[in-house]
Structure formats: structure tokens, C-alpha cells
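J.: Read in our numbering, the sequence shown has 132 at position 132, and its numbers run on one by one without any break.
A couple of the hints might just be wrong.
[As the list claims (entries may be wrong)] Computed cross-link-like contacts, BS3-like style, restricted to lysine-lysine with a CA-CA straight-line distance of at most 27 Å: (1) Lys113 / Lys166; (2) Lys33 / Lys58; (3) Lys113 / Lys82; (4) Lys82 / Lys21; (5) Lys34 / Lys113; (6) Lys27 / Lys82; (7) Lys58 / Lys127; (8) Lys21 / Lys33; (9) Lys58 / Lys165; (10) Lys171 / Lys113; (11) Lys34 / Lys21.
[As the list claims (entries may be wrong)] Estimated spans, in silico, between C-beta atoms of each pair: (12) Lys82 / Leu22: 25 to 31 Å; (13) Ser61 / Gly110: 30 to 36 Å; (14) Lys171 / Thr119: 18 to 24 Å; (15) Leu36 / Tyr4: 22 to 28 Å; (16) Thr13 / Asn154: 55 to 61 Å; (17) Asn19 / Phe52: 47 to 53 Å; (18) Lys82 / Gln35: 19 to 25 Å; (19) Asp14 / Lys121: 38 to 44 Å.
Please keep in mind that the hints were generated in silico from the structure rather than gathered at the bench. Quick reminder that beta carbons are idealized off the backbone N, C-alpha and C, glycines included.
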Amino acid sequence: IVDYLQSLQDNYTDLTQKNLKLETRVKDLTAEKKQLQRDFDSLNKKGPVCFFISTELKSWSDSRQYCRDRGADLVIINTEEKQVSLCECLLMNEISERVWIGLSDTENEGIMKWVDNSTLKQGFWLKGEPNNTNNEDCIQLNYNRGKPGWSPLNSWNDVACSEKKKGICEK
1 IVDYLQSLQD NYTDLTQKNL KLETRVKDLT AEKKQLQRDF DSLNKKGPVC
51 FFISTELKSW SDSRQYCRDR GADLVIINTE EKQVSLCECL LMNEISERVW
101 IGLSDTENEG IMKWVDNSTL KQGFWLKGEP NNTNNEDCIQ LNYNRGKPGW
151 SPLNSWNDVA CSEKKKGICE K
């Protein structure tokens, strides 16, 4: 009978430990679910966003018009998260060329403005950029991963607005 009682005690102890682990797991999953719901609600408040890349090579202004003709505009990249996610999107879609974004200093040299007329607050420039070589006023996302110093957070440079590139549109 002593062995039987010891066996019951061992089983009880084992079940108590398993129960504590399960309660901890439920607590962790509940906290994770609440965080995901907050994140989801936050995204919905910002509204759905759609990105697409033009299929044709165009100047910066023609690329912008291409986007606008489709109810969009060249992309505004105002957070590190958006910059990184766009670079990841380009990588996933195996897009390696340089593409227009909605930033330029065409109106006032050295004052970078987005297509919504807001001023650039945070840039993701390649080293030595923007340099305005030969009056470069329009900004491209330079997806040259082989370039020394390149990273998703160091990938913009200024180029002549007349160069032909695809544009990233945002709707």
C-alpha cells in the first residue's frame, strides 16, 4: 500500500507540474493574441495599402503620372519599417533594378519633398548621397545589394529625373 500511495503522490506531482506548464503557456498565448489584435487594429486604422511596380521604364515625372493614372502615387517611405519591407518585397519578387520613389528636391535644391509635399524627416541614403552630381534632383531606391555599404537602410541616391526607371506606386 505504501508503494501505491507513493505512486499516486508521484502522479499527482507530475500532473501538477504539467498543469502549471499549461497554465503558463495559456497565459503566454493569451498575451500574444492580445498583442496581435492590437497590431491588427493599428494596421486597420491606417487603412489598407497597396504597392505595385510599374512595368515600363519612365522618367521620374512620367513614372509619377503612371501611378496617378492608376489612382496611386510614387511611394512615400517615412518609416524604417516601410523601407525594410519594401526592400524585402523587391527581394521576394526578384527585382534588382533601381526604382523611383516619391522623393525629390526639384522645387528647391537641397530641400527633399515627398509627392504629398511633406518634407523628408528620415532618409536611407547610400554613403555620400545625395550628392547632386550633374544637378540630380530625383531619388531612386538603389537595389544594388553588391554595392559596398549597401543595406536596406542605406539604399537611396539622387539621379537625374530624366533617367528611365520603373516606379514603385502606393495606393
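J.: Hint by hint, where does the structure go against what was stated? Just the numbers, ascending.
T.: 2, 4, 5, 6, 12, 13, 15 and 19
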